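*Asks:* Each chain is listed here by its residues.
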Amino acid sequence: MHIKEEQVERHVLAVLVDNEAGILARIAGMFTARGYNIESLTVADISADHAISRITIATNGPPHVIEQIIAQLDRLVPVHSVRDLTEAGPHVQRELALVKVAGKGENRIEAMRLADVYRARVVDATTESFVFEITGAPDKIQTFVGLMREVGLVEVGRTGVVAIGRGPDSA
Amino acid sequence: MAEKSGAEILVQTLLDLGVDTVFGYPGGAVLPIYDALYNHPKIKHILVRHEQAATHAAEGYARATGKPGVVLVTSGPGATNAVTGITDALMDSIPMVVITGQVATNLIGSDAFQEADTVGITRHCTKHNYLVKKPSELAGVLNEAFHIATQGRPGPVVVDIPKNVQVAEAEFNSHNGKINSRYQPQVDGDFKAINEAAEMIMSAKAPILYTGGGIINSGPKASETLGQLAELMGAPVTSTLMGLGAFPASSDQWLGMLGMHGTYEANMAMNRADLVICLGARFDDRITGRLDAFSPNSKKIHVDIDRSSVNKTVRVDLPVIGDVGRVMEQLLAVLKGRKFNAPDYEEWWSRIKGWRATDCLAFPENKTEIMPQLAIRKLWEATHERHPIITTEVGQHQMWAAQHFDFEKPNKWLTSGGLGTMGYGLPAAIGAQLGDPDALVIDIAGEASIQMNIQELATASQYRLPVKIFIVNNEYMGMVRQWQELTYESRYSNSYSDSLPDFIKLAESYGWTGILIEEPADLEAGIQKMLETEGPVLVDCRVAKLANCFPMIPSGAAHTEMLLTPEDVKGTMDDNAKALV
Numbered sequence: 028m029h030i031k032e033e034q035v036e037r038h039v040l041a042v043l044v045d046n047e048a049g050i051l052a053r054i055a056g057m058f059t060a061r062g063y064n065i066e067s068l069t070v071a072d073i074s075a076d077h078a079i080s081r082i083t084i085a086t087n088g089p090p091h092v093i094e095q096i097i098a099q100l101d102r103l104v105p106v107h108s109v110r111d112l113t114e115a116g117p118h119v120q121r122e123l124a125l126v127k128v129a130g131k132g133e134n135r136i137e138a139m140r141l142a143d144v145y146r147a148r149v150v151d152a153t154t155e156s157f158v159f160e161i162t163g164a165p166d167k168i169q170t171f172v173g174l175m176r177e178v179g180l181v182e183v184g185r186t187g188v189v190a191i192g193r194g195p196d197s198a
Numbered sequence: 025m026a027e028k029s030g031a032e033i034l035v036q037t038l039l040d041l042g043v044d045t046v047f048g049y050p051g052g053a054v055l056p057i058y059d060a061l062y063n064h065p066k067i068k069h070i071l072v073r074h075e076q077a078a079t080h081a082a083e084g085y086a087r088a089t090g091k092p093g094v095v096l097v098t099s100g101p102g103a104t105n106a107v108t109g110i111t112d113a114l115m116d117s118i119p120m121v122v123i124t125g126q127v128a129t130n131l132i133g134s135d136a137f138q139e140a141d142t143v144g145i146t147r148h149c150t151k152h153n154y155l156v157k158k159p160s161e162l163a164g165v166l167n168e169a170f171h172i173a174t175q176g177r178p179g180p181v182v183v184d185i186p187k188n189v190q191v192a193e194a195e196f197n198s199h200n201g202k203i204n205s206r207y208q209p210q211v212d213g214d215f216k217a218i219n220e221a222a223e224m225i226m227s228a229k230a231p232i233l234y235t236g237g238g239i240i241n242s243g244p245k246a247s248e249t250l251g252q253l254a255e256l257m258g259a260p261v262t263s264t265l266m267g268l269g270a271f272p273a274s275s276d277q278w279l280g281m282l283g284m285h286g287t288y289e290a291n292m293a294m295n296r297a298d299l300v301i302c303l304g305a306r307f308d309d310r311i312t313g314r315l316d317a318f319s320p321n322s323k324k325i326h327v328d329i330d331r332s333s334v335n336k337t338v339r340v341d342l343p344v345i346g347d348v349g350r351v352m353e354q355l356l357a358v359l360k361g362r363k364f365n366a367p368d369y370e371e372w373w374s375r376i377k378g379w380r381a382t383d384c385l386a387f388p389e390n391k392t393e394i395m396p397q398l399a400i401r402k403l404w405e406a407t408h409e410r411h412p413i414i415t416t417e418v419g420q421h422q423m424w425a426a427q428h429f430d431f432e433k434p435n436k437w438l439t440s441g442g443l444g445t446m447g448y449g450l451p452a453a454i455g456a457q458l459g460d461p462d463a464l465v466i467d468i469a470g471e472a473s474i475q476m477n478i479q480e481l482a483t484a485s486q487y488r489l490p491v492k493i494f495i496v497n498n499e500y501m502g503m504v505r506q507w508q509e510l511t512y513e514s515r516y517s518n519s520y521s522d523s524l525p526d527f528i529k530l531a532e533s534y535g536w537t538g539i540l541i542e543e544p545a546d547l548e549a550g551i552q553k554m555l556e557t558e559g560p561v562l563v564d565c566r567v568a569k570l571a572n573c574f575p576m577i578p579s580g581a582a583h584t585e586m587l588l589t590p591e592d593v594k595g596t597m598d599d600n601a602k603a604l605v
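If you read the protein sequences in the order shown, they are chains A and B. Start counting the first sequence at 28; every next residue gets the next number (the working numbering). Start counting the second sequence at 25; every next residue gets the next number (the working numbering).
Because the hints were derived from the structure by calculation, they are not lab data. Since the structure is predicted, the reported quantities are computational estimates derived from the model, not experimental observations. Don't take every hint at face value.
[As the list claims (entries may be wrong)] Partial chain A-side listing against chain B, Cβ under 8 Å, derived: (1) A52; (2) G56; (3) Q99; (4) D101.
[Unchecked claim] Short, incomplete list of chain B residues facing chain A, as computed with Cβ under 8 Å: (5) I145; (6) R147; (7) H148; (8) D330; (9) S332; (10) A603.
[As the list claims (entries may be wrong)] Below are the DMTMM-like pairs computed for lysine to aspartate or glutamate, each with C-alpha atoms no more than 20 Å apart in a straight line: (11) B:K324 / A:E94; (12) B:K602 / A:E32; (13) B:K336 / A:E36; (14) B:K216 / A:E137; (15) A:K31 / B:D309; (16) A:K31 / B:D599; (17) B:K336 / A:D101; (18) B:K336 / A:E47; (19) B:K336 / A:E32; (20) B:K158 / A:E47; (21) A:K31 / B:D598; (22) B:K569 / B:E393.
The beta-carbon is built from N, C-alpha and C at its ideal position, and this holds for glycine as well.
Take the sequences, apply the hints, and build the full model.
*Replies:* In structure tokens form, the structure reads like this:
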């Protein structure tokens, strides 16, 4: 017997939640309990009175699973709203990465050149290393990190994606 | 404003919320609460013998009364023992509030004595849970906990209270549970969807009402409304295990339960219907059989208060989110407003009559041994006029009870459906008897299941509860054995109930009356004796050991591929079928 696998698609969800103890465990645990995937998850307090946090979840699954993920998130008591940004239309996705490269000579010069092309900023430098800060859509960061691997990548930290819909309306 | 201890605030808030019964077991981390209870005789505390039983008793109480069940247990093992019942309540949508003691806030995380991460452990088996860190938050949390447990799709809520929060004081004003909660589920159905549903009903030629536990949860009025809707439509009605009793089994329109051990006519009608109206049910795998063959030619309307139930397993044409009782009322109003007259379903009914003629619940006659189905039938004959509350354990006896015990009213059938928890029936019967003291309450049990919470015989004795246990004793974990016969060529791996106790002596040692029924000729007299004996009675009814539960949709099969008799059993299955639950 073989276990069948289905075609998946990537969706980015914006979830507004009560900023209370255990909320992250509740959300992340629901994903594992029901066998859903998390590509990335970011969370931060966004309201003036610190009452509401916004969680951005990049997930993937077949369309009927995505529909279930949204419904399952929505029924959690501390969840105020769930918006499928991928479904809702045009939106901006951004991620920040800190990328450390070490090396000398040609590699070091090439790293600097590539950073310039990708509009990465140097936030730390020694005679044998750089730390670049790069912001952009996840695939741009993916590409940049890939290039850095060839010129002495030491370490990389990524925030995971945050996203917001285009235009005047709120999620 | 007066200051009160957290424990006093808790007890006072329970009183304000109208709680009269609490099922619990004391321990170190709830001593302050137990001390506060000592001053409040208005709250009846039922001392169980194991925390799992406290949760099932609370479920039984909730199902029989419609009110939330309340549980009080200590930290660590008290809480972990309660987890099975909490999960059971989640799966079957039973309103329940579980109060757990916790080690003091400054000790949390230090692996203190009887510490367990209760909030972490119960996060995914509750509808919601709380760790209360200040006594001033307690009243608000409890009010919201009861609101969440009872509103929308009901479910269990855990409130974990550290011991120092029970002792510390805060200002408290008694008030009557009016809260402004963030949790506000949709009750009324969307008007456009209701109209669309009415149109689908008006153009259907072969509709069927497929009802579930949501109707029972919605309250007795929803069962009445279902009766009106069914009468107006003149359509056949079937139900899940959880929904039995919402529609009277004596009605001509009743097809019996559907699904794995449902009737042939109910399953065939689901398969051939052109419109399935799902009312408070969730297309569970026990109902649908093979998904791609489930009711293939029908349009489907799904009424559910929980949006996540919609399109979870079966795609539907029209979801209606709302309370099923309320939505049926709205639907009735629209249908009547449009002068809906039930069309002539004669052809549809004549096909159903054909399926009914199979007489799928018939069982072989047996002169020497009691057939388990006959035992249930006779129990029904002897008791049905008293509208007894029937609880069950899990297994063959449960399915025979569902098939052969007919219900006319809601809140009379208490069984563990979603989680399938052996050991449910006795504590649930205790809870039901406390909720409805004058009712005849019978736990239809198996000899294996009953042993999972057998210690609760003592609880019934202590509170003089006249519950009856009717053990359908075939000396096997019968449903396991049946699946081994279907799937594994009758290799009976660990399904024999060896070293059984003498149930009669066991019952007597707890102050119960024990009755042994061995011969078919003694069946009716034994049942009569059980009914005439005051106080709690345990009946050990020895039945045909190898009888199996038919009809049955085997794993991975469609509604149209039911096994009707033992002759249909092949004894093996392919791996794909074996892998299904």
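*Asks:* Which numbered hints does this structure break?
*Replies:* Of the numbered hints, 5, 14, 18 do not hold.
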